[in-house]
Each structure stands twice: as C-alpha cells, then as structure tokens.
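Chemist: In order, the protein sequences belong to chains A and Y. Numbered per our numbering, the first sequence spans residues 3 to 115. Numbered per our numbering, the second sequence spans residues 144 to 256.
It is possible that some hints are incorrect.
These stretches of chain A come out as covered by chain Y in the derived footprint (C-beta under 8 Å, 3 or more residues) [said to hold, decoys possible]:
#1 34 to 48
#2 98 to 105
Computed cross-link-like contacts, DSSO-like style, restricted to lysine-lysine with a CA-CA straight-line distance of at most 30 Å [unchecked claim]:
#3 Y/144 <-> Y/200
#4 Y/200 <-> A/107
#5 Y/144 <-> A/70
Note that these hints are calculated values from the structure, not bench results. Computed from a predicted model, the values in this text were never measured in an experiment. Heads up, the beta-carbon is just placed ideally off N, CA and C, and yes, glycines get one too.
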Amino acid sequence: GESVGLHLPTLSVQEGDNSIINCAYSNSASDYFIWYKQESGKGPQFIIDIRSNMDKRQGQRVTVLLNKTVKHLSLQIAATQPGDSAVYFCAENREGSQGNLIFGKGTKLSVKP
Amino acid sequence: KAGVTQTPRYLIKTRGQQVTLSCSPISGHRSVSWYQQTPGQGLQFLFEYFSETQRNKGNFPGRFSGRQFSNSRSEMNVSTLELGDSALYLCASSPDGNSEKLFFGSGTQLSVL
Chain A
3 GESVGLHLPT
13 LSVQEGDNSI
23 INCAYSNSAS
33 DYFIWYKQES
43 GKGPQFIIDI
53 RSNMDKRQGQ
63 RVTVLLNKTV
73 KHLSLQIAAT
83 QPGDSAVYFC
93 AENREGSQGN
103 LIFGKGTKLS
113 VKP
Chain Y
144 KAGVTQTPRY
154 LIKTRGQQVT
164 LSCSPISGHR
174 SVSWYQQTPG
184 QGLQFLFEYF
194 SETQRNKGNF
204 PGRFSGRQFS
214 NSRSEMNVST
224 LELGDSALYL
234 CASSPDGNSE
244 KLFFGSGTQL
254 SVL
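Starting from the given sequences, assemble the full structure and let the hints guide the process.
Modeler: Okay, structure coming up:
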C-alpha cells in the first residue's frame, strides 16, 4: 500500500558525530516532504521540508536530501547534540491533501554524551 | 505568536463514555487537522476542517467526529469510548492545509479504562 516508512527504528550516535536518518516513500505523486522531531510529552515539531522540485535543502545543522529516482528521503544532523535525542518522523504530502500528512513510523535517535 | 493549544492535557475515561477535546490553532490559521498517535499505529489522520467545513476524513469509525467554529477553534468528539481509543490526540494547524507544513500542539493524552 501507499506509505512512508523508515529504515531503522532506533539510532544511537556519539555526541558531536553526524546523524543520518532515512526514509522511504512509495507514492511518486507525493510532492512535498517534511521532517518532524518529537520529544517525549510533546507534539511533533517541524524541522525542515523539501518540495519535489528540489533534491537538497539545508537548515541550521540539518540537511534533507531527496532522491526521487529511488523514492528516498534522508535527514542529516551535523554535530549531534544531546538535545537532538527524540523520535524523528518523515511525512509526505500530496497536492490537495487538505491536512492529511502521511507519517512514517519514526526513528528514535539517542545521543550518547 | 502563540502556538497550537490543546486542552485538556490528560483525560481518563471509562468504556462507553464520550469525550470532547479542544484545539485553538495559531492565529490566522484556518485549517485544523486532528491525528491519533499510538505506539502500534503511529500517527494517523482523523479529519481536517477549514472554514467550519470538514474537507477531508481518514479511516476512522463514525464515533469520531469534529467541528470547527467561526474563529477556527476546533473540537473533536469520541463517543462510546473503547479501550483501543487510548492514544495521544494531536491537533495541527496551518494557513490553508494544502502542501504545507502543519504546526502541532502538545496533544491530549486520553486513557480509556
């Protein structure tokens, strides 16, 4: 079926290292992708987004890469900090979706001091 | 600018009861979406409202309903509660709900006993 999924349920990295979180999507009609961070007891927080006419977008310490050929999305976090520990979700959105984001299952990132 | 506000933060109900959850979107946002989050199913779309009209609906039974007021505030109602309705209910808002990021509240944690 159509879904957005993540390759790994958990990821553990050393503080200061770079983190890469991956996501696969199945619907080629998806035109907008978003990464969210969810900390314990909070709602998902927007990190970065990318539209399908781009293949890379950079933010502060984060980069999102989109490979439409293989329907793959990744989030790179540079110099990972303890405050980055959270669950990360990718989500896809299609034109006319009217509030319906399709979320992956999430990857739990743990940062070791 | 205040974020998305959801009340109450926690709720405990018993099977068969009904519950109403409230959401105040970011000022100026006209689209409000509701999601259910559980460990097993992840984030699932319930419905979306725009200008007091339900524009989109997910695959949930009719026991789940909602409404939106003229000031864009929204409520969702779950009738005849079941144990499986225990979840974090998240509200999200955006300017118009199409191909754009959603801003989430912290959610209402509902426990059904």
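Chemist: It remains to establish, for every hint, whether it holds in the given structure.
Modeler: Hints versus structure:
Using a Cβ-Cβ cut-off of 8 Å, 9 residues of the region 34 to 48 of chain A lie near chain Y, which meets the minimum of three, so the contact claim holds. Against chain Y, the region 98 to 105 of chain A contributes 8 residues with a C-beta closer than 8 Å to a partner C-beta. That satisfies the three-residue criterion, and the hint holds. Among the hinted pairs, residue 144 of chain Y with residue 200 of chain Y is consistent with the structure: their alpha-carbon atoms are about 29 Å apart, no more than 30 Å. Between residue 200 of chain Y and residue 107 of chain A the alpha-carbon distance is near 20 Å, which keeps this suggested pair within the 30 Å criterion.
About 36 Å separates the Cα atoms of residue 144 of chain Y and residue 70 of chain A, which puts this hinted pair outside 30 Å; it is violated.
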